[in-house]
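Peer 1: Protein chains in written order, with our numbering: chain L, 6 to 357; chain A, 6 to 357; chain Z, 6 to 357.
One should not assume that every hint holds.
Stated by the list, open to error - Distance windows between CB atoms, simulated:
1) Ser199(Z) with Tyr56(A): 38 to 44 Å
2) Ser286(L) with Arg339(Z): 33 to 39 Å
3) Pro194(L) with Lys301(A): 26 to 32 Å
4) Gly106(Z) with Ser286(L): 52 to 58 Å
Treat the hints as calculated values from the structure; they're not laboratory data. Quick caveat: nothing in here was measured; it's all calculated off a predicted structure. Where a beta carbon is used, it is the ideal one built from N, C-alpha and C, also for glycine.
Residue strings, one per chain:
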Amino acid sequence: MQFTIKQIAHLLNGEVRGDGSLTVSKLAKIEQGNKGDISFLANHKYEQFIYTTKASAVIVGKDFVPKKDISASLIVVDNPYTSFTQLLEEYQKILNFSKKGIEQPVFVGEGSEIGEGIYQGAFSYIGNNSKIGKNVKIYPQAYIGDNVVIGDNTLIYAGVKIYNNSVIGNNCVIHAGAVIGSDGFGFAPQEDGSYRTIPQLGNVVIEDNVSIGANTTIDCATMGSTIIRQGVKIDNLVQIAHNVEIGKNTVIAAQNGIAGSSIIGENCVFGGQVGIVGHISIANGTKVGAQSGITKTIKKENTSISGMPAFELNDYLRSVSIFRKLPQLDKQVRDLEKRLEELIEEGLFSEA
Amino acid sequence: MQFTIKQIAHLLNGEVRGDGSLTVSKLAKIEQGNKGDISFLANHKYEQFIYTTKASAVIVGKDFVPKKDISASLIVVDNPYTSFTQLLEEYQKILNFSKKGIEQPVFVGEGSEIGEGIYQGAFSYIGNNSKIGKNVKIYPQAYIGDNVVIGDNTLIYAGVKIYNNSVIGNNCVIHAGAVIGSDGFGFAPQEDGSYRTIPQLGNVVIEDNVSIGANTTIDCATMGSTIIRQGVKIDNLVQIAHNVEIGKNTVIAAQNGIAGSSIIGENCVFGGQVGIVGHISIANGTKVGAQSGITKTIKKENTSISGMPAFELNDYLRSVSIFRKLPQLDKQVRDLEKRLEELIEEGLFSEA
Amino acid sequence: MQFTIKQIAHLLNGEVRGDGSLTVSKLAKIEQGNKGDISFLANHKYEQFIYTTKASAVIVGKDFVPKKDISASLIVVDNPYTSFTQLLEEYQKILNFSKKGIEQPVFVGEGSEIGEGIYQGAFSYIGNNSKIGKNVKIYPQAYIGDNVVIGDNTLIYAGVKIYNNSVIGNNCVIHAGAVIGSDGFGFAPQEDGSYRTIPQLGNVVIEDNVSIGANTTIDCATMGSTIIRQGVKIDNLVQIAHNVEIGKNTVIAAQNGIAGSSIIGENCVFGGQVGIVGHISIANGTKVGAQSGITKTIKKENTSISGMPAFELNDYLRSVSIFRKLPQLDKQVRDLEKRLEELIEEGLFSEA
Chain L
6 MQFTIKQIAH LLNGEVRGDG SLTVSKLAKI EQGNKGDISF LANHKYEQFI
56 YTTKASAVIV GKDFVPKKDI SASLIVVDNP YTSFTQLLEE YQKILNFSKK
106 GIEQPVFVGE GSEIGEGIYQ GAFSYIGNNS KIGKNVKIYP QAYIGDNVVI
156 GDNTLIYAGV KIYNNSVIGN NCVIHAGAVI GSDGFGFAPQ EDGSYRTIPQ
206 LGNVVIEDNV SIGANTTIDC ATMGSTIIRQ GVKIDNLVQI AHNVEIGKNT
256 VIAAQNGIAG SSIIGENCVF GGQVGIVGHI SIANGTKVGA QSGITKTIKK
306 ENTSISGMPA FELNDYLRSV SIFRKLPQLD KQVRDLEKRL EELIEEGLFS
356 EA
Chain A
6 MQFTIKQIAH LLNGEVRGDG SLTVSKLAKI EQGNKGDISF LANHKYEQFI
56 YTTKASAVIV GKDFVPKKDI SASLIVVDNP YTSFTQLLEE YQKILNFSKK
106 GIEQPVFVGE GSEIGEGIYQ GAFSYIGNNS KIGKNVKIYP QAYIGDNVVI
156 GDNTLIYAGV KIYNNSVIGN NCVIHAGAVI GSDGFGFAPQ EDGSYRTIPQ
206 LGNVVIEDNV SIGANTTIDC ATMGSTIIRQ GVKIDNLVQI AHNVEIGKNT
256 VIAAQNGIAG SSIIGENCVF GGQVGIVGHI SIANGTKVGA QSGITKTIKK
306 ENTSISGMPA FELNDYLRSV SIFRKLPQLD KQVRDLEKRL EELIEEGLFS
356 EA
Chain Z
6 MQFTIKQIAH LLNGEVRGDG SLTVSKLAKI EQGNKGDISF LANHKYEQFI
56 YTTKASAVIV GKDFVPKKDI SASLIVVDNP YTSFTQLLEE YQKILNFSKK
106 GIEQPVFVGE GSEIGEGIYQ GAFSYIGNNS KIGKNVKIYP QAYIGDNVVI
156 GDNTLIYAGV KIYNNSVIGN NCVIHAGAVI GSDGFGFAPQ EDGSYRTIPQ
206 LGNVVIEDNV SIGANTTIDC ATMGSTIIRQ GVKIDNLVQI AHNVEIGKNT
256 VIAAQNGIAG SSIIGENCVF GGQVGIVGHI SIANGTKVGA QSGITKTIKK
306 ENTSISGMPA FELNDYLRSV SIFRKLPQLD KQVRDLEKRL EELIEEGLFS
356 EA
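Isolated chain L (complex conformation) (with noise of 0.2 Å):
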């Protein structure tokens, strides 16, 4: 899609100085812009680089004062930082919405029902008694198993697979090859060693404005529900086991674990690659470190927590400067003892 620059200052409020009439037709940072390119400058760090950039124009702020040429045309706006988000934003609308319609071959079992406004591409699987809500863009090879319910406006990338009975809310966006669904890890030990499983019939509900990434897998419960709360951000190759909640606006990057039938509070923010173990609650507002392990229940609200088993982040960020020197203070021990040794074999510790 191409722009003029006359065009994207109307959208944006802005004012245009020089050419307005040249064509646009896409985004890129300052240092890497091309012909048709649009940039900004926000961070006047980065000013040098609007002397030099081939982008064909630039959004700066009112406060912008050249020092040089810029060959680039400028729409002049409040704030270029926000001005600039907002393209990105009208120009993410536009990609979501190119897609419509019904490709073909795809299967929809039977009594589900699909909303307006629809994309379904192709080899797209729909089983029986589904529902699936209003401008819903269900990306080629997506499976959706029976009795599934999907609101509107939601995005199901490319390969994601949705389990029987799954509830999924509006503006959620899944990303290619997550599991939402699958049976929980449950097997109970029987006298030879083996296991048997423990069927798991609950299923998962994701409420509105949750994001989870690709390849991520959500267990169902055993009973019940796995509860994503609304507006939770869950990064790719995330772990969520059966019977977990996640409180509402929850942020998990990548790579974490979490173990069956825990509690995560509202607003708490994980590092990549965390593990928490079953059966625990963690408080609201908690923030933990990359690659932790947290064992217990954290019952404080907002405290910043790290480490195998994770505890206080100041304390960990002490103990593992600490570990880093373990070996001198292992000399610093032995030293001490022998040079207490020789004073008393000295006899300088006299007999009184």
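Guided by the hints, dock chains A and Z onto chain L, whose structure is given.
Peer 2: For chains A and Z alone, kept in the frame of chain L given last:
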């Protein structure tokens, strides 16, 4: 599916107290039960809920004596937990066997044989010369390559990918997105810094009663077989590298990574996110704490280990507890040094 | 496929000792060989097996002098290991090129171009305006979005998902379930505690000779490109976040996670389950121990590091060895304190 309480009591060899003609259609926890649900009371810790539950029926033990009125009908059995598990399993069986027949389109290559009672979901693929047993369920978009063998009653969920020459036993469950038989990660360094691919020509052998979690990956052997013995239970997002062998009835939680050619014993239990280096062996019955890293062979059977690198659990716990107070230990040592120095300087060590 | 031992000897420039007219059809380890298999003996540690192997043929070196009778025919070559690898590679080539043509059904969007020698598996999908090179193999259920470019001789295994605008080079291998180009994990916190999605409009660029493991995920850049340079080898279940760049011939083992905008050098080697924070750079030739966490830029080339947070390997090993004996160190310190106190109390420090 709906059953009367009387029908269920009959199935469980139980006795009805209350209205046996009511119908139930869902299993629920006692604290979450609603009309039409059946629940159970096994642990007297939960007794309070039996007086408030909205479930239509509750399974209780012979020794249960109500202290207040109960609105639910009761089914009295010898062991409520066992009876409820029996119900769960019956329910699971009905669910598993509800899918039958061949949806369209599917792809089946030349020379492949498919047993009776098959379910082949739409867009599933079977290559050439593969043999699929009886009552196998192949969910939509599953991929089964050439020369694959799959035993009876095995469930292959949506989007599972099984590479050529894999052998899978009876009564296995492979969850959505799992990859069986991808190339082992083998590359030979060349003089110019690049790597040459070492062909991976072996296969994966999975014995009977194995469960494989969603998006788990199991690589084929370089030559010979990567082997998963009978009864092994593997959770989601686990990586099993080439030429690994996992002994029977071993349980591996989510996000474990087992490097090439390692041999894992029988009846081991691995917590989540454990890593195991290549070319080692782990004795039968080893229990490994979450996030541990095992860097050398474990010879002694039935030990518990933890940490990175992993060592004996109790020792690990002691080390960890001191890790947390390292800053204090460091201070103690500095204090000792200072005190000894002061004592010497103050001349308290008299010349003998 | 069957070959006579004589044919294979000819291919390897070797000399037959024994019956050259026998046929072999499979490659096997010497200790596992059966009738119809060909094996090799390169390491005299395995010499015992040549006297008992059931393999029909064994490749041996010119310097090999049998001490007992051998039932297998021998193929005598200069370097048995090199010759066997050559056989493996020939075999792999035959396997790779056995798939040709277009299975039905497939989906190809408007404006897409596909080179000669293609294999398109059933249920594979190619969107609009994509360009696929020569001799590309696209296995069943693979998804290739719009405006994707794929070079010659690249293998795309079953169920791989490649998002719009991705660029993939020649001679690459992408294993089943890998996701290329999913949205970067970028969210801007809002005043009400919720997050606003930052549009991810960049792409992924994968250069020539790259290998990507099963179920690995590589996110697209926010703007610009996430870049995987030529010759990079990435194992299974690895997470590569937005705007990351990985230098040529770097090797990354399973379950690594590399956070956003980090720049990895050339010829690095990462053990399994390593985590790397965002916005740092790692010097060329860095070697990283399994399960390490890299929290800051590594400037010096060709160092080995380990630990969380990672530091120089030898220092790490020393710290780890003392970590294991922390309880003892703690006791030593307490003993020293006690002893000094006793000495003082006992008046052994005499008044000078």
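Peer 1: Would you pick out the hints that fail for this structure and give their numbers low to high?
Peer 2: none
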